[in-house]
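> Here are the chains, one letter per residue:
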Amino acid sequence: MLILSRKVGEAIRIGDDIEVVVSAVDKNKVKLGINSPRHIPIYREELYRKIQQENQAASGLGEEDMKHILESFLSGWINSAHDDEEPNPTSGAEE
Amino acid sequence: MEVQTSRFGPLDLPENTFIEFPWGLPGFETSKRFVLLGHREGPFQWLQAVDQPEVAFVVCPPEVMGLHYTVPPDKQAPIGIQQDQDLLLLVLVSFDRATGNLRPHVRGPLLFNAANRKGYQWSLENGELPKYLCSK
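For the record, the sequence lines run as chains A and B. Counting in this note's numbering, the first sequence runs from 695 upward without gaps. Counting in this note's numbering, the second sequence runs from 156 upward without gaps.
Note that these hints are calculated values from the structure, not bench results. Values in this document were obtained by computation on a predicted structure and should not be read as measured data. Hints are supplied without guarantee of correctness; some may be wrong.
[As the list claims (entries may be wrong)] Going by beta-carbon spacing under 8 Å, a handful of chain B positions derived as facing chain A:
#1 227
#2 247
#3 260
[As the list claims (entries may be wrong)] In silico BS3-like cross-links for lysine-lysine, where the CA-CA straight-line distance does not exceed 27 Å:
#4 A:725 / B:286
#5 B:286 / A:744
#6 B:273 / A:723
[Unchecked claim] Covered stretches of chain A, as calculated for chain B (at least 3 residues, CB under 8 Å):
#7 727-740
#8 757-767
Quick reminder that beta carbons are idealized off the backbone N, C-alpha and C, glycines included.
Chain B extracted, bound-state conformation (with noise of 0.2 Å):
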């Protein structure tokens, strides 16, 4: 399927490769479709909205910011997870211009199960940040 991007114009993508944010994110309620795309080299990659061309978000795995998440079961079970083994996790990535200060959205880490291939946004509150959160 061509998939129209902003940024990198025209892509050709299978639809096999979408994955599925049934509540879309917040902010962003109506992309239910997003695709990763690898960049060159690093662990960065962005997570591209398939139909909104201009939506799309620089993410990386939490490990490389140095933060570790333990994901409680009923904060899996909205994608279905089964397995540890299919529970991926992405953060989202701010850059500030002015400063060259990168800054991962703690709060809020992506979620994914590679088994169905959906997708939400974990928002943890202040009182989970603490207990499900390890930043070293």
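Here chain A stands alone, though its shape is the one from the complex (with noise of 0.2 Å):
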């Protein structure tokens, strides 16, 4: 792994248009300030881990299932609630 050092307000440069700048430093956290295209998917880590799984799990069904799935649907029978997440009120969406 490259680990540079680098100052409040210096950046580092990935490729041609990527700049990730160090915008604060507190004890243990850091605010990063992302400039890159607009098209780019740009994720905290561990969000992208999440939905890793997620998507994984979603995999896993095949055409019985989906049989089933409708039948559940048909009986209202969803469960939409957020119970598959974590609070974690420290990662919300900071600009």
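Fit the two chains together into the complex; they arrive one by one in their own frames, and the hints show the way.
This is the structure we're talking about:
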């Protein structure tokens, strides 16, 4: 892994169009500003992993499940509560 | 083009029905092309990977699950949405065989641009859920 030291206000550049600026440093928290082309999705690592896991779980369904899904749906058995979410108030998006 | 699928056997599908996912999906980063396969009845469809026979997801319009998203312009930008009517959303669905419980993946809706047939998975941070998602 490449490790670079940067001060607040300094930046690194990845390729020719991505700039990562250290905007603030706290005891164990760093705020980063990212300038990148608008078409590149950017994720917090833990959210990316969470979505990975969710996608893996969703990919295991077969044709038989589809039948049951339809039955469940027609009988109103939907859980749209966010019960898969772990509360994590510190990771909210900050502009 | 003949698309191999583990669930439905080989399917002969025109390439202009394919949807390009430039970044794949988290966990399926190498799956760059998908196709939507309708199910006989009901609002559910299969999102089948063109190049990985075993990769397929059950998807449906979010409204079917009572989910209403507002997609901010910067989240539409990755697939180059120019007009509102080109933006389509689908959510992945999980199913628990033991309980019969159906669960939409609220945090990672799929966004599509009907004009250029591109798609990607938007991932909402905790703080963004109340801002961009209305469920009823």
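> To test your reading of the hints: which numbers does this structure violate?
1, 6
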